[in-house]
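Number of protein chains: 2
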Amino acid sequence: MNAPASEFALIDRHFRRPVQHADVRVGIGDDAAVIAPTPGAELAVSVDMLVEGRHFMAGADPKALGHKALAVNLSDLAAMGARPRFALLAGALPEPDEAWLDAFMQGFRALAQRHDVELIGGDTTSGPRNLCVTVIGELPAGAAITRAGARAGDDIYVSGTLGAAALAVAAARGNVALADADRDRLRARLDRPEPRVGLGLGLRGVASAALDVSDGLTGDLAHILEASGCGATLEWARLPADPAIAARLDGPDRALALRCLLAGGDDYELCFTAPAHSRASIAALSHALDVACTRVGVIDAGDALAVVDRDGAPLQPLPRAFDHFA
Amino acid sequence: MNAPASEFALIDRHFRRPVQHADVRVGIGDDAAVIAPTPGAELAVSVDMLVEGRHFMAGADPKALGHKALAVNLSDLAAMGARPRFALLAGALPEPDEAWLDAFMQGFRALAQRHDVELIGGDTTSGPRNLCVTVIGELPAGAAITRAGARAGDDIYVSGTLGAAALAVAAARGNVALADADRDRLRARLDRPEPRVGLGLGLRGVASAALDVSDGLTGDLAHILEASGCGATLEWARLPADPAIAARLDGPDRALALRCLLAGGDDYELCFTAPAHSRASIAALSHALDVACTRVGVIDAGDALAVVDRDGAPLQPLPRAFDHFA
Numbered sequence: 001m002n003a004p005a006s007e008f009a010l011i012d013r014h015f016r017r018p019v020q021h022a023d024v025r026v027g028i029g030d031d032a033a034v035i036a037p038t039p040g041a042e043l044a045v046s047v048d049m050l051v052e053g054r055h056f057m058a059g060a061d062p063k064a065l066g067h068k069a070l071a072v073n074l075s076d077l078a079a080m081g082a083r084p085r086f087a088l089l090a091g092a093l094p095e096p097d098e099a100w101l102d103a104f105m106q107g108f109r110a111l112a113q114r115h116d117v118e119l120i121g122g123d124t125t126s127g128p129r130n131l132c133v134t135v136i137g138e139l140p141a142g143a144a145i146t147r148a149g150a151r152a153g154d155d156i157y158v159s160g161t162l163g164a165a166a167l168a169v170a171a172a173r174g175n176v177a178l179a180d181a182d183r184d185r186l187r188a189r190l191d192r193p194e195p196r197v198g199l200g201l202g203l204r205g206v207a208s209a210a211l212d213v214s215d216g217l218t219g220d221l222a223h224i225l226e227a228s229g230c231g232a233t234l235e236w237a238r239l240p241a242d243p244a245i246a247a248r249l250d251g252p253d254r255a256l257a258l259r260c261l262l263a264g265g266d267d268y269e270l271c272f273t274a275p276a277h278s279r280a281s282i283a284a285l286s287h288a289l290d291v292a293c294t295r296v297g298v299i300d301a302g303d304a305l306a307v308v309d310r311d312g313a314p315l316q317p318l319p320r321a322f323d324h325f326a
Numbered sequence: 327m328n329a330p331a332s333e334f335a336l337i338d339r340h341f342r343r344p345v346q347h348a349d350v351r352v353g354i355g356d357d358a359a360v361i362a363p364t365p366g367a368e369l370a371v372s373v374d375m376l377v378e379g380r381h382f383m384a385g386a387d388p389k390a391l392g393h394k395a396l397a398v399n400l401s402d403l404a405a406m407g408a409r410p411r412f413a414l415l416a417g418a419l420p421e422p423d424e425a426w427l428d429a430f431m432q433g434f435r436a437l438a439q440r441h442d443v444e445l446i447g448g449d450t451t452s453g454p455r456n457l458c459v460t461v462i463g464e465l466p467a468g469a470a471i472t473r474a475g476a477r478a479g480d481d482i483y484v485s486g487t488l489g490a491a492a493l494a495v496a497a498a499r500g501n502v503a504l505a506d507a508d509r510d511r512l513r514a515r516l517d518r519p520e521p522r523v524g525l526g527l528g529l530r531g532v533a534s535a536a537l538d539v540s541d542g543l544t545g546d547l548a549h550i551l552e553a554s555g556c557g558a559t560l561e562w563a564r565l566p567a568d569p570a571i572a573a574r575l576d577g578p579d580r581a582l583a584l585r586c587l588l589a590g591g592d593d594y595e596l597c598f599t600a601p602a603h604s605r606a607s608i609a610a611l612s613h614a615l616d617v618a619c620t621r622v623g624v625i626d627a628g629d630a631l632a633v634v635d636r637d638g639a640p641l642q643p644l645p646r647a648f649d650h651f652a
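First to last, the protein sequences are chains A and B. Quick note: our numbering has the first sequence finishing at residue 326, numbered continuously throughout. Quick note: our numbering has the second sequence finishing at residue 652, numbered continuously throughout.
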């Protein structure tokens, strides 16, 4: 094994690489990175902090964690319709574990390369394990898809499927038993979420509002309603449930399955709204990207979120969204 | 006291404010912030993570910590010659302590306002206390002062005074006794460093290389030498020592004082190089800003850093710089 590494040697070995993009004027290794924004472009910037014991367990696979630390940030850019460009990584580690860092950076870099994201800066320190990633994406001026653009009559969509990550968490806690056939798939949804970057780009000029489903659909959709000043009706039976969720909606695990579906976190799908005249565009986009986009409800002029059965009866009680300080 | 606060209520109360600058297209409260860079400008981006027990003690004054968390980042922008514009704050807290957060944000905002920095995003979570700040500054294209521009014959300068913060740390650890007259001043240097933003802006087009003295002068200067491919001679007796350091250089605390002066971290002064023909410009800048800029050595064509006495004899042994994983 290597000798105990100094902070600077760690940076050289694991983070510093030749600059890849011409618009990175100064990369890793100075007091700050310097980038030259594309003329006329706007920049979307987001930061997410992942804490051991809260967002991942001690002993979590470092390669998966490297993937996830970047993925949750790219998901935020996707929700704005921004093209990911740059990332900065700050991390606290209990000790300078070279094997751990190497695996973490493998996961991080593999996802970064797929989306042509360049690591331009960071910080390393000792401390309780904590990964903090900042991402910067580019957008044509005025093209950002915010949470504030939903209008009465707009359709509500969800990409992919919901509930898998929360069901994997419930299984890890011993609250539910999974079939062998489901276990790996659900765990992969939790550990290696795929940010919907291509969908986000395709939704520019199409979606009226969007966000990523990180804390649970009902809670996240409520943020769109609050920002847009409107209400909505969500038909929960239309929600694109993961098959393992769908199979539990009529059995003894119904309450758990409903909670995973409506309030489960960590799915990193996009929830977005669009006027009815965009249905054909969205269907074409969904087909081209091979990403399901399911119509699950409608925005109205009210100020509340109603979650209803097929017959319009309200679902009671409504599962609560995840809150980091609840 | 308040009822237990949800994460979103915390964000609303402590972080979210009306957008201040027209080029912030989307502020706090969406998946990402969106900014419209000044046409033709380049952006400097830096991130720093502060960990309880490592960069600050449990029970540290939250208001001072809010100041310092931003100050150390603004110091990085100053070292590039960038004008601070935007910040993102990610934080893990053991519990949602409203009084602590309120004080922290008072310190953070007071410094942000002085430098017209807008908080545009962030993340909050529970976990061992950890503050991670990302800052974005603006620069005219090509104007960044990097570490790589020092050339043989350039003068080496240090701003302000050195050693105060490290002496305050030594006193806090019981390694040295301070006079009453010194205690508050030294502690303030450690807890509330003033980033040299104005000096950094003034050094654009004047300095050939710069960085901020965060880990200790000799170690930091070595980064300039490595990046610039040159050597240097530093006359340690010319270093602008804090008065409490200067008073100890000839007594029983000499070794400690030398270590604070040459290898003490957390001073956040600028160390920069400039060709000899810039001496008058630097003197004028120093006078205009009321910031001492002391000439302390010279860059040479070698590949080593020599620290010498007045008579040119090498100082042995050389105190070691601070390393987070040493």
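These are computed hints drawn from the structure, not numbers from a lab. Please read all numbers here as calculations on a predicted model, not as lab measurements. One or more of the hints may lead you astray.
[What the hints assert, rightly or not] Examples of chain A residues toward chain B, derived with CB under 7 Å: (1) Thr38; (2) Val45; (3) Val51; (4) Leu101; (5) Met105; (6) Asp123; (7) Asn130; (8) Val176; (9) Leu178; (10) Ala179.
[Claimed, not checked] Beta-carbon label-pair distances, calculated as ranges: (11) Gln346/B with Gln20/A: 31 to 39 Å; (12) Arg173/A with Gln439/B: 42 to 50 Å; (13) Val308/A with Pro365/B: 31 to 39 Å; (14) Arg605/B with Pro18/A: 57 to 65 Å.
Every residue, glycine too, gets a C-beta built ideally from N, C-alpha and C.
Hint check:
no.: 1; hint: Thr38; result: violated (9 Å)
no.: 2; hint: Val45; result: holds (5 Å)
no.: 3; hint: Val51; result: holds (3 Å)
no.: 4; hint: Leu101; result: violated (11 Å)
no.: 5; hint: Met105; result: violated (16 Å)
no.: 6; hint: Asp123; result: holds (5 Å)
no.: 7; hint: Asn130; result: holds (5 Å)
no.: 8; hint: Val176; result: violated (25 Å)
no.: 9; hint: Leu178; result: violated (27 Å)
no.: 10; hint: Ala179; result: violated (32 Å)
no.: 11; hint: Gln346/B with Gln20/A: 31 to 39 Å; result: holds (34 Å)
no.: 12; hint: Arg173/A with Gln439/B: 42 to 50 Å; result: holds (45 Å)
no.: 13; hint: Val308/A with Pro365/B: 31 to 39 Å; result: violated (49 Å)
no.: 14; hint: Arg605/B with Pro18/A: 57 to 65 Å; result: violated (36 Å)
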